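**Q** Taken in sequence, the protein lines are chains A and B. Note that the working numbering gives residue 179 to position 179 of the first sequence, counting from 1, and the numbers run on in steps of one. Note that the working numbering gives residue 25 to position 25 of the second sequence, counting from 1, and the numbers run on in steps of one.
Treat each hint with caution, since some may be false.
[To be verified] Cut-off 25 angstroms, straight-line C-alpha distance, at most; resulting in silico cross-link-like pairs (PhoX-like, lysine-lysine):
(1) B:Lys107 <-> B:Lys54
(2) A:Lys26 <-> B:Lys54
(3) A:Lys64 <-> A:Lys54
(4) A:Lys222 <-> A:Lys274
(5) B:Lys54 <-> A:Lys65
(6) B:Lys54 <-> B:Lys41
FYI, nobody ran anything at the bench for these hints, they're computed from the structure. Predicted model only: the values in this text are computed from it and were never measured.
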Amino acid sequence: MKSYATQRGNLIDRYIAEVGRRLPQKQRADVQLELRSALQDALDERGLDADKKKDEAKVAALLKKWGKPSTVAESFGARNFLIGPELMPYYWLVLRFAIFIGILVQLVLMAVAAFNQADFEVLVRGTVSNLIDGALTSFAMVTLVFAVLDKTMAGELRPQKEWDPRTLPEPTVAHDRIDTVGTLIEIFISGAFILAVNLAPGWLAAAPQSEGWDLAGALFAKFAPFIPWLTAVWVGQLALKVYLLVRGRWERWMRGIEFVLAVAGVVVLAAIYKSAPFSDVAMVDSIVKFSIGIAVIIASIDAAVKLFRILRPDWRFPWQEKQFEQAVEDLGQDAEAIGKALEARFKKAGRGRGR
Amino acid sequence: MHGIVCRMVTQEEYPALLENLGLELRRGALILAVLSQLGRKQYGYSLKQQLAAKGLEIPEGTLYPLLRRLESQGLLDSEWELADEARPRRYYKLSVQGQQVLKDLSKEWQDISKALNALLKKSGGTK
Chain A
1 MKSYATQRGN LIDRYIAEVG RRLPQKQRAD VQLELRSALQ DALDERGLDA
51 DKKKDEAKVA ALLKKWGKPS TVAESFGARN FLIGPELMPY YWLVLRFAIF
101 IGILVQLVLM AVAAFNQADF EVLVRGTVSN LIDGALTSFA MVTLVFAVLD
151 KTMAGELRPQ KEWDPRTLPE PTVAHDRIDT VGTLIEIFIS GAFILAVNLA
201 PGWLAAAPQS EGWDLAGALF AKFAPFIPWL TAVWVGQLAL KVYLLVRGRW
251 ERWMRGIEFV LAVAGVVVLA AIYKSAPFSD VAMVDSIVKF SIGIAVIIAS
301 IDAAVKLFRI LRPDWRFPWQ EKQFEQAVED LGQDAEAIGK ALEARFKKAG
351 RGRGR
Chain B
1 MHGIVCRMVT QEEYPALLEN LGLELRRGAL ILAVLSQLGR KQYGYSLKQQ
51 LAAKGLEIPE GTLYPLLRRL ESQGLLDSEW ELADEARPRR YYKLSVQGQQ
101 VLKDLSKEWQ DISKALNALL KKSGGTK
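The following block holds chain A by itself, in its conformation from the complex (with noise of 0.2 angstroms):
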């Protein structure tokens, strides 16, 4: 038998991950491994190996019997939360779209509000309460729904058509995961500096001025001509991230694309180092040629970083590692994942108790 540690993919991962996605997280990571133990069993009797290629429809024979992803996840008590299995992909979906039109129409009415020359101050607090009051009133309204939905039509919504186990998706790993909330917040703050730089370019360049310099003055006209280059950059970060969001999760393809934009940005700032001399005092010329200097070269390593990451998805600094191993049974998602982190204990204690 292969390790837990390498399996990944095939349909015993692919079901479990189903399984887990309508688990509440407190007690995804515990059904999930014993879940893996119980079929493991089961394709042990019958000589089965998931990995292999001739024993997948057997595999598939076998997760047909033990029911739908969301009939098992129901009947270890996801039915006793207020949105049941079968709605879960869906509400989390829903939700995570509904977010983000918030955000869009949020940063539309600041777009608005600052062409009609707003004072950036006001707007800026203006526009993060109601982005608050957005959110909370979206979360609360696809819950609802989502609830009543739930209690009133979750037997009709449930497909009536034969399952085949071989449709099920993919698992998210780990590393594919998003930071919800993280992704939202870089979203916004994204979104309100594109803006800035673009509508109200002037209070970047507020830089204290003494004795007459006009150095904000001289430093914005420096770098005006690169701030379509710049924005082309960031409106292709930001769209990146909204598809991210209502995705929900990493793919290969995406990665490539961050690693592109990544490249993009370094060419940028580079063109802008190339453009020096910044200023007449030499002092000033040569802090600002610093600075640039450093930004260039913080993104490049975040370039190689990003290149690396889609070379190699699964490397982990050996600190990481040890994180990774903690956090398991929060995220439980990874059936990968929680078969390392108990390795790992069981390696270190010979044995222990399951929670």
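Starting from the known structure of chain A, arrange chain B on it as the hints suggest.
**A** What follows is chain B alone, placed relative to chain A:
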């Protein structure tokens, strides 16, 4: 005015009806069956095999949630153990409370069984 509502189950509906009634009938009995086999620790799949060998088939989709429910009710204790080739398995065993419940439920079962046998005998449901 009074009316009598009479709904006949169609031939197509009958198997599903019988299955549901059978499931209801078995539900309580399964708890007792599971408890009876957990005097020594067992993991889910070995328990399923043991019950099947004694003539009681329990679908996995029923057994594993049942084990968890019994554990959450304090009737079973569980622990993870690492089996051969690094496979973690969850072993279940009767708790002290579970032993008492098994004893009391077994007596209850004997009484129900005796009464039901007598009832079915009278109604002609059994020979």
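**Q** Could you run down the list of hints and mark each one as holding or not?
**A** Quick rundown of the hints versus the structure:
no.: 1; hint: B:Lys107 <-> B:Lys54; result: 20 angstroms, holds
no.: 2; hint: A:Lys26 <-> B:Lys54; result: 36 angstroms, violated
no.: 3; hint: A:Lys64 <-> A:Lys54; result: 17 angstroms, holds
no.: 4; hint: A:Lys222 <-> A:Lys274; result: 11 angstroms, holds
no.: 5; hint: B:Lys54 <-> A:Lys65; result: 21 angstroms, holds
no.: 6; hint: B:Lys54 <-> B:Lys41; result: 18 angstroms, holds
Comparing the model with each numbered hint stated earlier shows that hint 2 is the single one that does not hold.
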